[in-house]
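Engineer: If you're matching them up, the sequences are chains A and B in order.
Each residue of the first sequence is one higher than the one before, counting from 5 in our numbering.
Each residue of the second sequence is one higher than the one before, counting from 11 in our numbering.
Any given hint could be a false lead.
[Claimed, not checked] Calculated lysine-lysine pairs in the DSS-like style (CA-CA distance at most 30 Å, straight line):
id, chain 1, residue 1, chain 2, residue 2
1, A, Lys53, B, Lys17
2, B, Lys74, B, Lys156
3, B, Lys74, B, Lys95
4, B, Lys156, A, Lys234
5, B, Lys46, B, Lys17
6, B, Lys156, B, Lys95
7, B, Lys17, A, Lys51
8, A, Lys237, B, Lys95
9, A, Lys231, B, Lys156
Please keep in mind that the hints were generated in silico from the structure rather than gathered at the bench.
Here's the letter readout for the chains.
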Amino acid sequence: MTARRVQNQPAWLLHHRPFRDTSRILDVLSRDYGRLSLVARGSRSAKSKLKGVLRPFMPLQLSWVIRGDLGTLTGAEMDGGPISLNGDSLLSAFYLNELLLNLLHRHDPQPEIFSAYHATIIELNGQHSVATALRRFEMELLRLLGYALNLDHDTESGDELDPGRIYEYRVERGPVPANNPDGPLVFTGAELIAVAREDFSDASTLRDANRLLRHVIAWHLNGKELKSRKVLKELRRGAATADTGPVIQ
Amino acid sequence: MPGVGRKSAQRIAFHLLERDRNGADELSRALSDAVKGIGHCVHCRMLTEYDACNICSASGRDSKLLCAVESPADVMAVEDATGYKGLYFVLMGHLSPLDGIGPDELGMPALEARLRDGNVEELIIATNPTVEGDATAHYLADLAGKHEVQASRIAHGVPLGGELEYVDGGTLSHAFFGRRVVD
Ligand SMILES: [Zn+2]
Numbered sequence: 005m006t007a008r009r010v011q012n013q014p015a016w017l018l019h020h021r022p023f024r025d026t027s028r029i030l031d032v033l034s035r036d037y038g039r040l041s042l043v044a045r046g047s048r049s050a051k052s053k054l055k056g057v058l059r060p061f062m063p064l065q066l067s068w069v070i071r072g073d074l075g076t077l078t079g080a081e082m083d084g085g086p087i088s089l090n091g092d093s094l095l096s097a098f099y100l101n102e103l104l105l106n107l108l109h110r111h112d113p114q115p116e117i118f119s120a121y122h123a124t125i126i127e128l129n130g131q132h133s134v135a136t137a138l139r140r141f142e143m144e145l146l147r148l149l150g151y152a153l154n155l156d157h158d159t160e161s162g163d164e165l166d167p168g169r170i171y172e173y174r175v176e177r178g179p180v181p182a183n184n185p186d187g188p189l190v191f192t193g194a195e196l197i198a199v200a201r202e203d204f205s206d207a208s209t210l211r212d213a214n215r216l217l218r219h220v221i222a223w224h225l226n227g228k229e230l231k232s233r234k235v236l237k238e239l240r241r242g243a244a245t246a247d248t249g250p251v252i253q
Numbered sequence: 011m012p013g014v015g016r017k018s019a020q021r022i023a024f025h026l027l028e029r030d031r032n033g034a035d036e037l038s039r040a041l042s043d044a045v046k047g048i049g050h051c052v053h054c055r056m057l058t059e060y061d062a063c064n065i066c067s068a069s070g071r072d073s074k075l076l077c078a079v080e081s082p083a084d085v086m087a088v089e090d091a092t093g094y095k096g097l098y099f100v101l102m103g104h105l106s107p108l109d110g111i112g113p114d115e116l117g118m119p120a121l122e123a124r125l126r127d128g129n130v131e132e133l134i135i136a137t138n139p140t141v142e143g144d145a146t147a148h149y150l151a152d153l154a155g156k157h158e159v160q161a162s163r164i165a166h167g168v169p170l171g172g173e174l175e176y177v178d179g180g181t182l183s184h185a186f187f188g189r190r191v192v193d
């Protein structure tokens, strides 16, 4: 197998773990080569210049050589201004990364997902609502993975959703008319239509989107519980700041 | 083992086995004693062979100051390099949501209990300047605020004697965000 050399590729660091004495293994999301793992040799040593650069949530340009599945990092630079996430934004950004690590296949280029992620990190860095940014990203991610939510028609009859009716959302199919108004995935037509419009300035629409997306994403994760979700729950339990809404439940 | 490559490990093993069997015996006893006898300080989670570590049980330390660090090695570094006379809390790690390491794994409930009991006036946050260290610092600052304890974070950035153009971008931006008023 011949080695492929990639230069100055826009990328984000999703996760990293120590490897041997002074190195790390990086899980990165690159624009044109998708998700991949790279060894960053010497990046934990005291003298490494890479340490300050190789940070999650920082736009990067990475260079590497790869032969087979695991590549070797040959260069890293910051790509544009630094981003300094904090508080809820920072903690939620970890959740985004775990979502991508679990839902993206390796070596499958997804430039649109790369852009959506970039836009979401920028949004988290601004003064926007964290929960809104997360829900929009989740919806966009599902759409780009080919699992778009169906929020406009009844999948049994094919009719447009009736705002006054009650539907049960079936993850694999979409809304079907329901008689029982209780259940984790029961919504009114009006609620589903509101979620489709992504106008999350209405707190109840945001809650509906959260409930729907949590179930749909759990289904795509095959029941695997996200570690960041567990940690965020613990953090929110102890945090002093008022609960600003269902960021992650 | 960190800091010891395969070659060095082999040299050490051959030396002990061929030339210094007594030394090898002593070393193995010391290691086995350490494994059996060393646990975590009940107050600060520092490694110690007693219930409370040397620092927590020393007289003359200022219990109004509490410094949170990630590891026992960080305690030694601060002890050696500064004249700090307060107490410590060793998290034994940092928040790492993707690895499932949250507040419980870091002993935060015990730390919170100390902030709650009203004796601590300042929490000095000395976590590393990594994204995970930042996340940990934010959370600690939050906890301190909740219990009306003043929180501060140690400064990070350009090394003394360093020149800006040779400092990597990440470090420089961290230093920039952490700038302070010159008085
Ligand atoms: Zn102690």
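Engineer: Of the numbered hints stated previously, which ones are contradicted by the structure, given in increasing order?
Structural biologist: 8
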